[in-house]
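2 protein chains.
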Amino acid sequence: MSTRAKAVPDRRRAILDAAVRVFARQGFHACRVSDIADEAGVAYGLLYHYFPSKEEVLNTLFLERWGVMLEMIREVDRKPVPVREKLGAIASFIIDSYRHDPDLMKVIIVEVTRAANSFGQTHLGQIREAYRLIGEIVTKAQQEGIFKADIDAEFAAMTFYGAIEQVLTGWIFGLLPQGEEDLERAKQMVVETVCGGLECSPPISSA
Amino acid sequence: MSTRAKAVPDRRRAILDAAVRVFARQGFHACRVSDIADEAGVAYGLLYHYFPSKEEVLNTLFLERWGVMLEMIREVDRKPVPVREKLGAIASFIIDSYRHDPDLMKVIIVEVTRAANSFGQTHLGQIREAYRLIGEIVTKAQQEGIFKADIDAEFAAMTFYGAIEQVLTGWIFGLLPQGEEDLERAKQMVVETVCGGLECSPPISSA
DNA sequence: TGAGTGATTGATTGATCAGTCAATCTATCC
DNA sequence: GGATAGATTGACTGATCAATCAATCACTCA
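If you're matching them up, the sequences are chains A and B in order.
Read left to right, the first sequence gives residues 1 to 207 (my numbering).
Read left to right, the second sequence gives residues 208 to 414 (my numbering).
No lab work stands behind these hints, which were simulated from the structure alone.
Be a bit skeptical, because a hint or two may be false.
[Unchecked claim] Cut-off 25 angstroms, straight-line C-alpha distance, at most; resulting in silico cross-link-like pairs (SDA-like, lysine to any residue): (1) 347/B <-> 188/A; (2) 355/B <-> 289/B; (3) 187/A <-> 67/A; (4) 79/A <-> 188/A; (5) 355/B <-> 176/A; (6) 148/A <-> 187/A; (7) 54/A <-> 324/B; (8) 355/B <-> 171/A; (9) 187/A <-> 358/B; (10) 261/B <-> 26/A; (11) 54/A <-> 328/B; (12) 261/B <-> 119/A; (13) 355/B <-> 261/B.
[What the hints assert, rightly or not] Pulled from the structure, derived: some chain B residues nowhere near chain A, Cβ distances all over 10 angstroms: (14) 224; (15) 245; (16) 248; (17) 270; (18) 276; (19) 300; (20) 303; (21) 304; (22) 386; (23) 391.
[Said to hold, decoys possible] To list a few chain A residues with every Cβ distance to chain B over 10 angstroms, as calculated: (24) 34; (25) 42; (26) 44; (27) 49; (28) 56; (29) 60; (30) 61; (31) 68; (32) 69; (33) 114; (34) 146; (35) 152; (36) 184.
Glycine is no exception: its CB is placed at the ideal position from the N, C-alpha and C atoms.
Start from the sequences, fold in the hints, and give me the full structure.
Below, the structure is given as structure tokens:
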């Protein structure tokens with residue numbers, strides 16, 4: 001309602017932001033609601049004024065971010081550019097998301113995307129939609145004769161997204177170096193590797 | 208000690224097997240120790256006779272299986288066969304493990320391998336060792352001039368293992384079809400895609 | 001000014017569950 | 001047969017924590 005600057009501190013936002021930090025640090029199951037409240041500098045009960053449950057805080061975080069990603073993929077797919085560019089844009093978006101807010105990406109991947117039980121189950125539809133959209137991009141490339149037609153598109157989408165997620169996991173676990181240039185190289189390498197494996201014709205050596 | 212047939216029922220094993228089913232069904236955090244005991248047809252307290260904690264049951268399951276896999280990778284690497292065959296053997300082993308005991312693989316992936324907090328942390332060393340071994344195979348292929356030298360071996364290992372794990376996750380989530388022939392095709396496709404992307408020379412079109 | 005609305009507080013409740021332990025059972029050996 | 005050791009039982013304890021709620025506070029508008 002009010003656009004007045006400085007007016008009311010947005011407690012809801014503060015709680016969400018605090019939750020990201022706490023979930024990333026301790027994990028959803030291991031942290032207490034009071035940890036989130038403390039981190040947000042807010043009373044315990046206030047969380048329940050804004051959210052019906054601890055779980056709903058996580059759901060909100062996930063849906064907020066995942067929605068942006070789905071919209072981005074749809075938009076990229078509409079553009080008349082080559083597959084490599086489309087997949088490159090998706091890889092860039094996800095990796096830049098990590099660069100911009102590693103804690104949030106950690107929470108989404110660890111607590112939702114990779115949690116087959118609990119939350120993964122709840123958001124299966126959203127997750128599946130991402131695979132479906134990427135699969136569509138692959139299918140089109142196959143129809144254009146750019147990608148091999150004998151590889152299942154869903155499968156290829158899974159491989160592509162899986163490779164990116166695994167690299168993020170590597171960063172999250174501290175298994176891979178994550179300097180500025182590592183992130184940029186990762187974008188190229190994921191696209192290079194996956195497209196290289198999917199394309200029909202041998203890549204033209206430009207070196 | 209005794210090899211007498213039928214003699215003593217192995218309660219420890221019964222508890223471990225029951226735990227696999229319960230963890231797969233409900234998840235480690237969501238299930239109660241009593242669920243495991245009930246599933247094993249054993250009294251609550253007996254679990255604590257064989258294991259110091261609920262957590263240690265999961266640790267045991269993971270280490271048992273992961274150890275077999277690491278040993279298998281080492282063995283494959285010793286053989287004087289081409290990279291494709293080595294990576295193919297690894298993919299086969301993991302996918303066959305899933306075929307043979309999908310619940311166990313689900314538990315290992317969902318509760319350990321992909322759980323950056325909690326258990327992933329504990330077993331980081333073991334997990335890292337797998338990446339390292341696969342990375343070594345890649346490095347050798349690079350030295351032999353079979354794989355592109357400009358791609359980080361650790362990164363390639365991550366991509367390879369990530370693709371497999373993602374496909375397993377697809378099966379676990381029910382996102383990909385998992386008939387006999389799907390499993391076999393997956394082995395080929397993972398190796399095909401990843402090697403295709405990593406190899407120097409264009410793949411010889413055999414079609 | 002003061003009534004009304006919604007934000008904010010944190011002590012309390014109620015339920016859940018991991019882990020303990022004293023008692024009982026079974027097998028084995030002298 | 002009876003003594004010892006280990007296996008097995010499940011009621012119980014103690015701690016934890018999500019969620020509730022009655023009370024207080026801050027702000028708006030008439």
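| Which numbered hints fail | 13, 33 and 35
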